[in-house]
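Protein chains: 2
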Amino acid sequence: MLSEFLLTEMNRLGSQDALPLHRQLYEALRRAMLDGKLGPGERLSSSRDLALDLNLSRNTVVAAINQLSVEGYLVSRVGSGTYVNDNVPKAATGRRNMGSAVASSSAPQLSARGLALSSRYCATELEVQPFTNGIADFSAFPLTLWQRLQNKHWRMTYPDMLDYATSGGYAPLRRAIADYLRVFRSVHLDADQVIVTTGTQQSLELCARLLADHGDTVWVEDPAYWGAAKAFMATGLSLHPVAVDDEGIRPTAQDDDTPPRLIYLTPSHQYPTGAVMSLARRHQLLLTARAHNAWVLEDDYDSEYRFSGPPISSLEGLDTDGRVFYMGTFSKVLYPGIKLGYLIVPKPLVTAFKQAHYDLNRPGQMPLQAALAEFIEMGHFSSALRRARQSYAERRVALLEALKPALSQQVCISGAEQGLHLCLRLPPHTDDRALAQRLAQQGLTVRPLSAYCLARKDLKGLVIGYGYAPLCEIQRCGPVLAAEVQRTVRSP
Amino acid sequence: MLSEFLLTEMNRLGSQDALPLHRQLYEALRRAMLDGKLGPGERLSSSRDLALDLNLSRNTVVAAINQLSVEGYLVSRVGSGTYVNDNVPKAATGRRNMGSAVASSSAPQLSARGLALSSRYCATELEVQPFTNGIADFSAFPLTLWQRLQNKHWRMTYPDMLDYATSGGYAPLRRAIADYLRVFRSVHLDADQVIVTTGTQQSLELCARLLADHGDTVWVEDPAYWGAAKAFMATGLSLHPVAVDDEGIRPTAQDDDTPPRLIYLTPSHQYPTGAVMSLARRHQLLLTARAHNAWVLEDDYDSEYRFSGPPISSLEGLDTDGRVFYMGTFSKVLYPGIKLGYLIVPKPLVTAFKQAHYDLNRPGQMPLQAALAEFIEMGHFSSALRRARQSYAERRVALLEALKPALSQQVCISGAEQGLHLCLRLPPHTDDRALAQRLAQQGLTVRPLSAYCLARKDLKGLVIGYGYAPLCEIQRCGPVLAAEVQRTVRSP
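From first to last, the protein sequence lines stand for chains A and B.
Just so we're aligned, residue 13 is where the first sequence starts under my numbering, counting upward by one.
Just so we're aligned, residue 13 is where the second sequence starts under my numbering, counting upward by one.
Worth flagging that the hints you see were computed from the coordinates, not collected in a lab.
Some clues are possibly wrong.
Since the list gives no way to pick out one identical chain from another, each pair is judged satisfied if it fits inside one copy or across any two copies.
[To be verified] Simulated crosslink set (SDA-like; lysine to any residue; CA at most 20 Å straight-line):
1. Lys164 - Ser151
2. Lys359 - Gly53
3. Lys469 - Trp238
4. Lys164 - Pro154
5. Lys359 - Tyr370
6. Lys164 - Phe153
7. Lys469 - Pro263
8. Lys359 - Phe153
9. Lys359 - Ser131
10. Lys469 - Ala446
11. Lys359 - Pro491
12. Lys416 - Phe319
13. Lys366 - Arg450
14. Lys366 - Asn71
15. Lys359 - Arg450
16. Lys359 - Thr178
17. Lys366 - Ser131
18. Lys164 - Leu412
19. Lys366 - Trp238
Only chain A is shown next, with the shape it has when bound in the complex:
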């Protein structure tokens, strides 16, 4: 009997360590799948029934199920419940034999975490089409100028520049980044605190590894940026989703029951809802972080593009404790493949972070770093930003205009004040995944808002990028999008 097995497992786990109940249930369910007590494709009892059987609160059950879904052990099918993923137990069962030295001629399988990490969550392949979000229009990047700068630095290059980058990166680049952030983002820092990384994924992993241990809890926004969720999963953290509203993340007393070691945020332009975190909420969040003695990871992506409303200073700039790590990337402003980003580390931890970064990642690409430093110093970065801002502002207006016919009491837009995407909010009963599929058939890639949700079921909508689409494409495709939305909302 499954529930007996689960109770026994939870008892064992509970006696051993102060694991919270939902984590005990998570482990017990995972073990049940690994042992084949829950077979591939098998339907799980409803969370209500499980809660009754195990004498647990429904929230506890839902939290465990969410975590297992996040990691790919379970899949939900709309209207029919939650099932064991077809892939998981087969491989996991293979795993169980591994301990014994018995000969087996079959090749070994992916590990359980390997299975989770290699399955895609944002179902669609990367198709770059007019409304794909998360991408900027790098066709406008000043290639000739960039090539000239790179050339210059390759010509001047002495052997040291071909070596690994020690001390956090090329010093002039770190100075240029520090100057930029001090002025434009009110970040308090010395160049010494800047570590040049290959981008946000590397910055996040470095923080997760150095600041948290395996099994520690990280609060992530719900809905969330999937890349960050994956980085945390890859580093063994336990994800705790915290709901976001129009002012950003909003932890409740219930969330406090799952205290975080890390809190990950996208305050400038919450991904994907687009909410800008209010100043009051920022102060509140810092107090919460202090109460839990947790670190804050501020991912300030998209902060470069603000179209209306006053700029809000970074969380890092409000922090008096030195508990905020601030990170950004050049992939969204220059071009994705540049693979250069930065992490700002509180002073007491700079040395530890530099050493671990060097040992774990062996950073390089010094000539590229040198070219970028000069690109920033000579003002090319600011003017590229200025031009981009102007061009994106036009696209944004065109998209808002095109979407107008679809707006109603039930359909509204959020997150359009900043960044390169907006969110079209739809009524809670809408099947936004089906809508996105219908649009894909018409050649339009937009993402359903529900695909980014971890635990919530109340959010439906479309995440629409306007960074990549040329103006004329927005004018051509926008009305198609609006019409399909109207049809969907009208039909019962």
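Got chain A sorted already, so can you dock chain B onto it with the hints?
Only chain B this time, still in chain A's reference frame:
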């Protein structure tokens, strides 16, 4: 009483899961430090006494202590025993308060794994001096040609080339790597199996994450390449050292008691002893891997430089099960900061690896990949290799010549047939760390062999690189080195 605490902890852990005894003791000791039962700087009882107190075999105790030393919890002081690291428990104690939501105004600390990952094991800073090992002479790199090729590709670059690299990298580069490995390394592969990474660290982490779960065992060579050990620690694996002899890794029946999920090897030129793994041993290892149903990670670094003896085909080429992952890097042949390497993935797992690599690392640098592809295709890579091989062969001869006066019955050279370093083996009573320090004072950076040892105490020697030193430097400094070695061995 410590041993009581340890026994209670081990009982708890033993009842909960089929953890091996040494892992139970590891966890119990770790907990004792986290709880402050073993304070910073405190001396641990000898392994013999602990074994008696806990009624365990001495091997079990040694395995647990080794793992804790590897992770930086414990430090050994020569002749005086094993101590709790000064840093660890202070921070770890801070961690214990984190669970409660009690306000604390002090900034949080690094995590336990963060402490381990940010402390350096190869004590010396990266000083590039004549005999530093692990570095090639990239001053010979054909910069002008390289710049011309890069330029050409930047001129031709269309926007797609600025995007992230999907599908494992730039297709022509993957073809060029496949062609090279098929011909020169007898690796069986299609271009489709090649994944372009940023180098060996990234290749190792990808394998560790997708093929093993947190707490799984990886067999590593003893002595070992520290970069690999760190990658495994960072991905939560448990390191099990397996002793190396003149024919490479040699697992014993005792090692079989700690069955591996992964086996990491440097068969072409064992790092750091320089042993070349014999063909017989290669076949044996593949049988062992099959018996344990384990994956094999073959790091074929330094395979490009073979000076005497017949070339031995790669493990991957001997594998009939599809359980070998083969990896290499361009950092040693071109220049370190290029940050391009490759991982060859068995066919059934190619898709999973590509997806996870994309999701976790967002690879880029396509114009650089294009330049490298052309560099290889046009034969520049082969001729750079040829030139390098010739130049390194001369340096090698000069170093061997200079070391001759130091050789005796007790002092011999190993690992000089291949690669860019050799190993000068010294009598077991030699303090090779002190010798390396005396040499450093004379401006010579060599590494003590014992610094690479995980569990063994029997290996003493110097690891001497000749890849970086110009011929004249070797001729000038070699005799200084030889004389200091002679003095050391002669004095009691």
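Structure-based check of all given hints:
no., hint, result
1, Lys164 - Ser151, "between (23 Å within a copy, 19 Å between copies)"
2, Lys359 - Gly53, "neither (50 Å within a copy, 26 Å between copies)"
3, Lys469 - Trp238, "within (17 Å within a copy, 47 Å between copies)"
4, Lys164 - Pro154, "both (16 Å within a copy, 16 Å between copies)"
5, Lys359 - Tyr370, "within (17 Å within a copy, 32 Å between copies)"
6, Lys164 - Phe153, "both (18 Å within a copy, 18 Å between copies)"
7, Lys469 - Pro263, "within (17 Å within a copy, 53 Å between copies)"
8, Lys359 - Phe153, "neither (34 Å within a copy, 38 Å between copies)"
9, Lys359 - Ser131, "between (38 Å within a copy, 17 Å between copies)"
10, Lys469 - Ala446, "within (15 Å within a copy, 64 Å between copies)"
11, Lys359 - Pro491, "neither (51 Å within a copy, 45 Å between copies)"
12, Lys416 - Phe319, "within (18 Å within a copy, 73 Å between copies)"
13, Lys366 - Arg450, "neither (48 Å within a copy, 28 Å between copies)"
14, Lys366 - Asn71, "neither (41 Å within a copy, 36 Å between copies)"
15, Lys359 - Arg450, "neither (51 Å within a copy, 34 Å between copies)"
16, Lys359 - Thr178, "within (18 Å within a copy, 37 Å between copies)"
17, Lys366 - Ser131, "between (32 Å within a copy, 10 Å between copies)"
18, Lys164 - Leu412, "neither (43 Å within a copy, 41 Å between copies)"
19, Lys366 - Trp238, "between (26 Å within a copy, 17 Å between copies)"
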